[in-house]
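Heads up: the sequence shown runs through residues 0 to 656, numbered per numbering that gives the first Met the number 0.
The hints are simulated quantities; they were obtained by calculation from the structure and are not laboratory data.
Small disclaimer: the values here were computed from a predicted structure and weren't measured.
By construction, the Cβ of each residue, glycine as well, lies at the ideal position given by its N, Cα and C atoms.
You may find that some hints are simply not true.
Result set (DSS-like, lysine-lysine): computed pairs, CA atoms no more than 25 Å apart in a straight line [what the hints assert, rightly or not]: (1) K591 <-> K551; (2) K58 <-> K162; (3) K481 <-> K447; (4) K162 <-> K191; (5) K553 <-> K491; (6) K265 <-> K8; (7) K591 <-> K521; (8) K8 <-> K133; (9) K606 <-> K588; (10) K162 <-> K179; (11) K447 <-> K551; (12) K124 <-> K226; (13) K226 <-> K53.
Label pairs and their calculated CB-CB ranges [claimed, not checked]: (14) E652 <-> E516: 22 to 32 Å; (15) R496 <-> D619: 31 to 41 Å; (16) L486 <-> K19: 55 to 65 Å; (17) I513 <-> K639: 22 to 32 Å; (18) H602 <-> G445: 35 to 45 Å; (19) G195 <-> L486: 44 to 54 Å; (20) E645 <-> I598: 19 to 29 Å; (21) E128 <-> K179: 30 to 40 Å.
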Amino acid sequence: MNWISDLAKVYDDNESIAGKAETVSVGKEKTKTVTLVPISHIAVNIPIQINLDKDGGFKGADVIDEKDNQRTIIPATLKSASRSSGSAPMPIDDTLKYIAKDYYPEISNKDKDSHYYSDYINQLKGFVEYVNNKNSSDRVRQQVNAIYTYVSQNDIFADLLFKAHLFGDEIKQVSAIPMKWTGKEEKPAVYKAITGDLDRSFVRFNVRGLGLDRSFEDPDLYEAWGKYYLTTLRNDTGVDYVDCNNDAILTDNHPKGIIPSASNAKLISANDTTNYTFKGRLLNSDEVATIGYLNSQKAHHALRWLIDKQGFSIGGRYYLAWGRKQQNYMIDNQTSPMFKILTSTYNTDQAESYTNERLAKSYYNSLVKGIELNGDNLEDLVYLMQIDTSTPGRADIVSYQALDLNQYIRKLSSWYGKISLFIQNKAGEFVDPPYSLRTIANMIHGSKANDDLKKNTISELISVILGSQIVPRGIIMPLYNKAIRPLSFNPKDPEARFIGWQPIVRLTSKLLKIWYENEGIKAMLNDEINDRSYLYGRLLAVADVLEGDALKNKEVDRPTNAQRYMSAFAQRPADTWKTIYMNAQPYFKQSKGNRRGQILIDHIFDKLQINEENINRLNDPLDGKFLIGYSQQKVDWFRKIREYSEKKQKEQEKGDK
0 MNWISDLAKV YDDNESIAGK AETVSVGKEK TKTVTLVPIS HIAVNIPIQI NLDKDGGFKG
60 ADVIDEKDNQ RTIIPATLKS ASRSSGSAPM PIDDTLKYIA KDYYPEISNK DKDSHYYSDY
120 INQLKGFVEY VNNKNSSDRV RQQVNAIYTY VSQNDIFADL LFKAHLFGDE IKQVSAIPMK
180 WTGKEEKPAV YKAITGDLDR SFVRFNVRGL GLDRSFEDPD LYEAWGKYYL TTLRNDTGVD
240 YVDCNNDAIL TDNHPKGIIP SASNAKLISA NDTTNYTFKG RLLNSDEVAT IGYLNSQKAH
300 HALRWLIDKQ GFSIGGRYYL AWGRKQQNYM IDNQTSPMFK ILTSTYNTDQ AESYTNERLA
360 KSYYNSLVKG IELNGDNLED LVYLMQIDTS TPGRADIVSY QALDLNQYIR KLSSWYGKIS
420 LFIQNKAGEF VDPPYSLRTI ANMIHGSKAN DDLKKNTISE LISVILGSQI VPRGIIMPLY
480 NKAIRPLSFN PKDPEARFIG WQPIVRLTSK LLKIWYENEG IKAMLNDEIN DRSYLYGRLL
540 AVADVLEGDA LKNKEVDRPT NAQRYMSAFA QRPADTWKTI YMNAQPYFKQ SKGNRRGQIL
600 IDHIFDKLQI NEENINRLND PLDGKFLIGY SQQKVDWFRK IREYSEKKQK EQEKGDK
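Using the sequences and the accompanying hints, generate a full structural model.
Written out as structure tokens, the structure is:
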């Protein structure tokens, strides 16, 4: 029940903005609108708007073709919010088959369609009586009465056909209105805006003359319906296991549509009582646990809002992080992999909701992009959740945890510190570029692999980062096997820059560094390490850069001998080194760094300390440290070239003066 309680508190923190649209950033330049849905309401896409005056007179209809404008919050009941079949009308705005008095028998003459309108109008009548008894503002009373007057006294399909002319000029009678456009003429705008059949398309009412441009967004209307609907649920009360309220209104019908990609998926479902659901131990779901209506609504609405506002998905799995009201974070998008705690807080002149989208972005950027987080209030909690759909209609919480911010940042700092391994960028600077978890998954499985493989790997990595920080063999070994086979990569592949051989070698070295963190391996080359695998990796790197330099000077584009024999070198280093060294000798002599390279090769061989005791082990297979030594030696080689070049340039500039 913790997740329900925590999410209900998020709703309480932000209740003042319920029903108010917020604009949030999506990427660098795009934005989207999100809204915390009030209790007893849902958000739906509505393509048709009917305009009324205060007396319920028809003032035209509009086709809403932009998706952002279609999104509308409407009152809902428990049954209507979860309806899939049968009659379950919305209180005010609904689909045409519910609100149109002339739907049956003009459009449909099926008996099962005869009661949609009567169910709708009877339910609306109850709300009208409630607001007329001075239980709401005058504006709400006028709006609800205007809508009731119109839908009870007018034929909506007829008005849309003859007055609003939504269906084209060819259709002359209501019974001829097509539910789907099949004509050869240009499709009328209304059929372009709807998805599915016309009679299943939502309609919203906009009552003019009430001082609001969009009366359906009246917060007083939200409040009035919420209060009224609670009075209709008073018969079913009991213990709410979420907050231990002994007199809570209970529900076993929980909202659906929490996950955007699965509109019918529910996190909590209690409608299956057949066969062995309760294993003979219980009679019904109430004996398992009972949940209050308000807490259920708050938690589910807050969760959907958080997903829309600051969640992100990978392969259909949604990743989410949020904080509570008093937390205040900022992102510092720098190249350093470490996470520094800044004393300054994030200030803004704009009022904002209390969920810390900055924290969500930092969670995304740190765990999935690798960009650092800065924050304060380290005793506060950060909540992390992963949600996925297992089967149609069912959503599952893959993981949920609450960490204090100090622990959260400490874990991230520890992780990026452990895998820190510097490289030289194009500008000649030595940096430690982070790898996104999405990129790591692509490197392991391939960019075209099944998304299920990738999302499971990403979830596993998140657990590793926030848990033991011991990288499993199932993650490292596929990368290692790719890293020692450079010839299996196509350097001309457009994705080579991101998931090609060089990035995979760097990433594998970073992750291997965690395995050997107690053996003196640092972010840069450590010349004091005498480990055989590490030293052999350094030898291979020297041979690679020397031959690579000669090939570059001759403008020859082919793999070096070090790259060609890398896989064999990992298995039989001594034998393979002889082959590499002999084949590459002509190229060594053509390299500008030949003298320095030969000195370094001799130095590394001296460190191998070849003697009678270890000579038989020189040809044993190498472990992962050889790849780290290879990476670090190459970086160190180019670092010294740059330092030498800068030194010569300074001396020349000094001489010119």
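Against the structure, the hints come out as follows:
no.: 1; hint: K591 <-> K551; verdict: 11 Å, holds
no.: 2; hint: K58 <-> K162; verdict: 9 Å, holds
no.: 3; hint: K481 <-> K447; verdict: 16 Å, holds
no.: 4; hint: K162 <-> K191; verdict: 20 Å, holds
no.: 5; hint: K553 <-> K491; verdict: 20 Å, holds
no.: 6; hint: K265 <-> K8; verdict: 20 Å, holds
no.: 7; hint: K591 <-> K521; verdict: 29 Å, violated
no.: 8; hint: K8 <-> K133; verdict: 31 Å, violated
no.: 9; hint: K606 <-> K588; verdict: 24 Å, holds
no.: 10; hint: K162 <-> K179; verdict: 20 Å, holds
no.: 11; hint: K447 <-> K551; verdict: 32 Å, violated
no.: 12; hint: K124 <-> K226; verdict: 16 Å, holds
no.: 13; hint: K226 <-> K53; verdict: 23 Å, holds
no.: 14; hint: E652 <-> E516: 22 to 32 Å; verdict: 42 Å, violated
no.: 15; hint: R496 <-> D619: 31 to 41 Å; verdict: 35 Å, holds
no.: 16; hint: L486 <-> K19: 55 to 65 Å; verdict: 59 Å, holds
no.: 17; hint: I513 <-> K639: 22 to 32 Å; verdict: 27 Å, holds
no.: 18; hint: H602 <-> G445: 35 to 45 Å; verdict: 39 Å, holds
no.: 19; hint: G195 <-> L486: 44 to 54 Å; verdict: 53 Å, holds
no.: 20; hint: E645 <-> I598: 19 to 29 Å; verdict: 21 Å, holds
no.: 21; hint: E128 <-> K179: 30 to 40 Å; verdict: 38 Å, holds
In this structure, the hints that do not hold are numbers 7, 8, 11 and 14, in rising order.
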